[in-house]
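Here is what each chain is made of, one letter per residue.
There are 2 protein chains.
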Amino acid sequence: MSKEDIINLGHGSGGSMTRTLLDDVIFKTFSNPLLNQKHDGSILELKGKIAISTDSFVVSPIFFRGGNIGELAVNGTVNDVAMCGAQPKYLSLAFIVEEGLKIEEFIAIVNSIKATADRCGVEIVTGDTKVVERGKGDKIFINTTGVGVIHPKANISMERIKVGDKIVINGNIAQHGMAIMSQREGLEFESDIVSDTTNLNYIANELLDQFGDDVHLFRDATRGGVASVLSEIALDTGKGVYIEEKNLPIDKQVSAACEILGLDPLYVANEGVFLAVVDQSVATEVLRQMQTNQKAKNSMCIGEITQSNSKKVVMESVIGGKRIVTPLIGEQLPRIC
Amino acid sequence: MSKEDIINLGHGSGGSMTRTLLDDVIFKTFSNPLLNQKHDGSILELKGKIAISTDSFVVSPIFFRGGNIGELAVNGTVNDVAMCGAQPKYLSLAFIVEEGLKIEEFIAIVNSIKATADRCGVEIVTGDTKVVERGKGDKIFINTTGVGVIHPKANISMERIKVGDKIVINGNIAQHGMAIMSQREGLEFESDIVSDTTNLNYIANELLDQFGDDVHLFRDATRGGVASVLSEIALDTGKGVYIEEKNLPIDKQVSAACEILGLDPLYVANEGVFLAVVDQSVATEVLRQMQTNQKAKNSMCIGEITQSNSKKVVMESVIGGKRIVTPLIGEQLPRIC
Chain D
1 MSKEDIINLG
11 HGSGGSMTRT
21 LLDDVIFKTF
31 SNPLLNQKHD
41 GSILELKGKI
51 AISTDSFVVS
61 PIFFRGGNIG
71 ELAVNGTVND
81 VAMCGAQPKY
91 LSLAFIVEEG
101 LKIEEFIAIV
111 NSIKATADRC
121 GVEIVTGDTK
131 VVERGKGDKI
141 FINTTGVGVI
151 HPKANISMER
161 IKVGDKIVIN
171 GNIAQHGMAI
181 MSQREGLEFE
191 SDIVSDTTNL
201 NYIANELLDQ
211 FGDDVHLFRD
221 ATRGGVASVL
231 SEIALDTGKG
241 VYIEEKNLPI
251 DKQVSAACEI
261 LGLDPLYVAN
271 EGVFLAVVDQ
281 SVATEVLRQM
291 QTNQKAKNSM
301 CIGEITQSNS
311 KKVVMESVIG
321 GKRIVTPLIG
331 EQLPRIC
Chain G
1 MSKEDIINLG
11 HGSGGSMTRT
21 LLDDVIFKTF
31 SNPLLNQKHD
41 GSILELKGKI
51 AISTDSFVVS
61 PIFFRGGNIG
71 ELAVNGTVND
81 VAMCGAQPKY
91 LSLAFIVEEG
101 LKIEEFIAIV
111 NSIKATADRC
121 GVEIVTGDTK
131 VVERGKGDKI
141 FINTTGVGVI
151 HPKANISMER
161 IKVGDKIVIN
171 GNIAQHGMAI
181 MSQREGLEFE
191 SDIVSDTTNL
201 NYIANELLDQ
211 FGDDVHLFRD
221 ATRGGVASVL
231 SEIALDTGKG
241 VYIEEKNLPI
251 DKQVSAACEI
261 LGLDPLYVAN
271 EGVFLAVVDQ
281 SVATEVLRQM
291 QTNQKAKNSM
301 CIGEITQSNS
311 KKVVMESVIG
321 GKRIVTPLIG
331 EQLPRIC
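Residue numbers (the working numbering), protein chains in the order written: chain D, 1 to 337; chain G, 1 to 337.
Only chain D is shown next, with the shape it has when bound in the complex (with noise of 0.2 Å):
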């Protein structure tokens, strides 16, 4: 197979084509002893109680500053797994791949998905290939399903939140979002803004290894941005939900960015920001222990759970007067993640 191949509907039709692109591309690159059964799925072992989750990814463009679908994709799954309060430790892998993909794009991906799941400790234990025909899809969508195991000290769920609890993000909001836009066709506009991609699974373990069942909920502010990870708790607990905009942290030239598009910063989607909803007793040491990881530098407390405004997001603006955030109703930026 040359590099300069192209993909087409023979690779997905399960004969030695396939075989072909497994061999050399897929089991190459992840070979481990459980994907090389190369059975219908995978057998292994997992010991205590388990987290599963799942994402689909067709964010476009598939290379972007900072990222590409691949490395998006074993993070994203990654990060959902580690909000639940587990450690990741397998992942599955499916491509849709439309007709025409070069070989070479789909190898650099390959190899992303390679480097990023070894950077997050997890390994790739089965997987499947699909192809399209030109025009019934874009490039590639990449389907990962990640299973954990939970850590010992985790009681993450909403029923657990309760009034005064401190809500924690580890760093600066909205720059997937507007690397993605600065890049997207016919918004194309100069910038330096990288997406934030990045697995939180270590940094969220840290903190249930020193902090345990006073870390009351895990939430990663995926698409819908910070605004929606709020909105949800306001809803699903009945409680109010107060953040104060000056603690926001954001990146100037995003946030000029946002400005000029007419976006709300607070609604850009992020693949590298979590906030921890943690008992009020902690949350200076929570603060604290975020802020020597580099990868959450930028931590910050930006609010509580109040009992007044249920269901309510209410926000403190910088120049003083409140306003409620509303819930994300329709598409603000599609295909972002």
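Misleading hints may appear alongside valid ones.
Since the list gives no way to pick one copy over another, a pair counts as held whenever it fits inside one copy or between any two copies.
[Claimed, not checked] Derived pair list, reagent style SDA-like, types lysine to any residue, alpha-carbon separation capped at 20 Å:
#1 LYS295 - ALA115
#2 LYS322 - THR306
#3 LYS49 - VAL149
#4 LYS49 - ASN36
#5 LYS312 - MET158
#6 LYS47 - LEU34
#7 LYS49 - GLU123
#8 LYS311 - SER16
#9 LYS28 - ASP236
Honestly, the hints are just simulated from the structure, not real lab data.
On the provided structure of chain D, position chain G as indicated by the hints.
Okay, now just chain G, sitting in the frame of chain D:
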């Protein structure tokens, strides 16, 4: 949400349109304590060795005689987990929907997924919904990833196959591929052929109950058909595979349709056919037990593993000659599953 509505990009935004779609359709249909956590993932317990398998489904048309893409997506992954020797328990479910799909069709597919999952004894525990613009997908693609617990008596792998093992098939071949083909745009022809899509987990489990590690391999014959499974066995074991054409169960109408279109039924996809490679000492009993099962009443012993003809599949034809069954190379019929 009215049934006349269509899916649009807002339904994939992560905002309140997404939430409404999920609450009104997904959570209502699949309601179970694990899914109802509404977290980024689901937390569950599985004891023992686990099998995991993933598949994306891109079949076109999405509704066909004998099933639809939703039913296929459940049966397909359930079967892959079952072929590992496991009883499937939980599925993840991820949609990539093309803008413009009728809500009515989406609901029909979701309902079919629910009914099929119930039949298989599996629960949908986590999911994802993405929406892509018109012309960037094709109505709906579905990924399911399944996990299940390995049967205590199972010991299934290519390495266990030995010379003299018998190859048993559970039913008529080429049904699914010919059902799809008869309805494919541009190819439509009169026929009553229905897809054989069904779940194989209970029958596989019964065989393990009864015959334990005398079952050396299970493999379902989906993309690439029976020929591709046999080729894989020959290539991966380095042994020969010998089959007799007269023992291959096939419906007359399917056989005739294949002949008219110039297709070899051995390469046509199935969605409810599997091969069991079993120790010769139990082959007669295996066949007898299978034939008592409604889903396997047409079971046949189609051949055996040989020392000779290493890495090749040899078929004795109905009229007595022998031919080599070569692996499928490229694409016979795209998007069959």
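Going down the list of hints, with the structure as the test:
1. LYS295 - ALA115: So LYS295 and ALA115 pass the 20 Å test inside one copy only (18 Å; across, 45 Å).
2. LYS322 - THR306: within (15 Å within a copy, 79 Å between copies)
3. LYS49 - VAL149: both (6 Å within a copy, 14 Å between copies)
4. LYS49 - ASN36: between (26 Å within a copy, 17 Å between copies)
5. LYS312 - MET158: Intra 15 Å, inter 58 Å, cutoff 20 Å: intra-copy only.
6. LYS47 - LEU34: Answer is both: 17 Å inside a copy and 19 Å across each meet the 20 Å cutoff.
7. LYS49 - GLU123: both (19 Å within a copy, 17 Å between copies)
8. LYS311 - SER16: between (56 Å within a copy, 14 Å between copies)
9. LYS28 - ASP236: between (45 Å within a copy, 16 Å between copies)
Comparing the model with each numbered hint stated earlier shows that all of them hold.
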